[in-house]
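Protein chains: 2
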Amino acid sequence: MSYPLTEPPARGFSTAEFVTRTETAQQQMQIQGIDALLLMSEPEVRYFTGFQTLFWQSPTRPWFVFVPSQGKPVALIPEIGADLMRRTWIDDVRTWRAPAPHDDGISLLTELLSPLAARGDTLGILKGHETSLRMPLGDWEQLRSSLTGLDITDATALMQGLRMVKSDAEIEKLQHICTIGSAAFAQVPEFGTQGAPLEAVFREFRRTALALGADDAPYLVGAAAPGGYADVISPPSRRPLQAGDILMMDTGCTWDGYYCDFDRNWAIGYADDQARRAYDTLWRATQAGIDAARPGNTCRDLYQAMTTVLNEMDTSGGDVGRLGHGLGMQLTEQPSHATFDNTVLKENMVLTIEPSLSYGNGLMMVHEEDIVIGKHAASLLTERAPPQLPVI
Amino acid sequence: MSYPLTEPPARGFSTAEFVTRTETAQQQMQIQGIDALLLMSEPEVRYFTGFQTLFWQSPTRPWFVFVPSQGKPVALIPEIGADLMRRTWIDDVRTWRAPAPHDDGISLLTELLSPLAARGDTLGILKGHETSLRMPLGDWEQLRSSLTGLDITDATALMQGLRMVKSDAEIEKLQHICTIGSAAFAQVPEFGTQGAPLEAVFREFRRTALALGADDAPYLVGAAAPGGYADVISPPSRRPLQAGDILMMDTGCTWDGYYCDFDRNWAIGYADDQARRAYDTLWRATQAGIDAARPGNTCRDLYQAMTTVLNEMDTSGGDVGRLGHGLGMQLTEQPSHATFDNTVLKENMVLTIEPSLSYGNGLMMVHEEDIVIGKHAASLLTERAPPQLPVI
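Chains B and W supply the protein sequences, listed in that same order. If you use this note's numbering, the first sequence corresponds to residues 1 to 392, in order. If you use this note's numbering, the second sequence corresponds to residues 1001 to 1392, in order.
Just chain B, same shape as in the assembly:
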């Protein structure tokens, strides 16, 4: 049997938190002229209801939450989720017997939305950057055409604005999973040894994270190759670790539906000068990012602070698109540390700092830490990586 690393915080959230989330959304809706929201993606449904289940991994059934201009949200969901949804703070739970290919919630939605359509109301949905339509496009088109009076607007910025700033209870959960992730990485030298197949190292990392109290370690990617790696999103091979390899593991572990997302590098046996220099440059770029992560600065400022250091060694300009992002109920959330993102940092944003360096002949190295923005500066949620490339 396994034991948690630290006493975990309480699971779930108080009803007060859902009231605050809903009222804050409704204030923003009023400002933006949005009469109601229709949401269907897992984090948004969970944000307003507290409904948490892994059942979302089944793509079969759509789920909907409607946020009116005032009052509690309404859940329109498959009957299989009724018992769990009725245990949340939501009162109005409407269900259908799903799957129902010819009417998967469409009649229920039509009934709910028809009065809004008759009034010519504005309905906010998520159709912007980083969103998906988690219902069949054909069903959406059918619904849309039966509610022609409805003015559909994009509420992506509204929703992401709400979710970017975390509550204290959310930060507790994020701190807890980052602590577990840090402890799991600290044990890698025990099993990430010369001769161990990378696949076995990955498996043991997951088992370690679970033993330390993670609910799961759903995201684990990485690489190991002589002198450095060229790809950072692969599943592991069966190749045994060899002296001179650089090993990188990047994990998203979860606790109570919140993610950590960070990585670590090690040299197996020894490291050449180029790898040591890349690591040192990345470590200092990470530090520059953390130091720049203050309220009032923008994501673009963070990107530039990191890039200034990276340019000491990397003249390729890089191509991963950004140097970190938001973190919370999803492995990656808005904002993005990139030239295009002028989001102003605020207290209680939780972010990854993730510089990426191209070097040598097609090699790359990545570093990542997780932070929370405080009143005046950022605090680490992860245990900071050592300043020199650790050797196993």
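Any given hint could be a false lead.
[Unchecked claim] Quick partial rundown of chain W residues pointing at chain B, CB under 7 Å, derived from the structure:
no., residue
1, SER1058
2, ALA1098
3, PRO1101
4, PRO1136
5, GLY1244
Don't read these hints as lab results, they were simulated from the structure. All C-beta atoms in this analysis are idealised placements derived from N, C-alpha and C, irrespective of residue type, glycine included.
Since the structure of chain B is provided, determine the placement of chain W on it from the hints.
Just chain W, lined up with the frame of chain B:
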């Protein structure tokens, strides 16, 4: 360190398998008057390219695969995936520096699709039951309006028809992960004991599945409550198991990107007569489903075979919507064992048999096994649950 249960099959697929998949799709496209497919969901991209990464867990970036009327598919993907995609059988890999909120692949898609629009070609996309649009709806609307000559049609049935029948190499992977899942369930009596918090039992199950060779155990739901449970999709509580509880665990473990999906029930200490009778009825309903799973029968036939047995005890009619489904790269796939699904069973379909029984005062019990349809009858991929409710 952990050791696999059995020598696993080879990872990945031969190029010949991707050639066959593509050519079979192209034959179906020709029959249905579809000139090309545009796909963007993880299983479809993997089906045609072999591109496998957990990076899909990040919602930030869209990914696209285009299947022309002849020749190899074309990948249009974020630069971060270029190295991995270039190691597949795909030659034509077009990338952009993502995320790019104002042009996340839209220019590349427009360039690719404009000649088709000019010819008035028919483009198949997935917009039917059990699908999502894994790109921003706003981007799709923009693309659609810039390619007005293009005739968009729903290729859901085509795609699901291809994926429902598994290749021998896919069945090997599915058999392997079902064997691991069966072995993991066999160990539950060692840690699913009276006094163990359900959360700890779940954690230890995941660690066991990993030790036995699963790549991961991403889906694990269940319940434990006196005499039976009322909900089958919840995360675990911290409540310790008590004598008289019925414990149910339902898991989707993965190996090389393929899922098992089945469950097991146990009584803690003792079981009352009602629970034993429910278990017996479900076990026989499962058997009736397995026996009816022959080429030529339909999913509706399976549903009815199971329902006939369930009706001995359950007069509620149930409400989970179906009694099993397809299984493969996704935890749940088409078809559905339901009255609405007249899919004719064929050799090499992999299915779950999943009857659900309502009994007593708001209780329910579920059973699930995984099978593959053979020439004349079905074979179990899972080790059949014992015919009497096991007591821990």
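List of violated hint numbers, smallest to largest: 5
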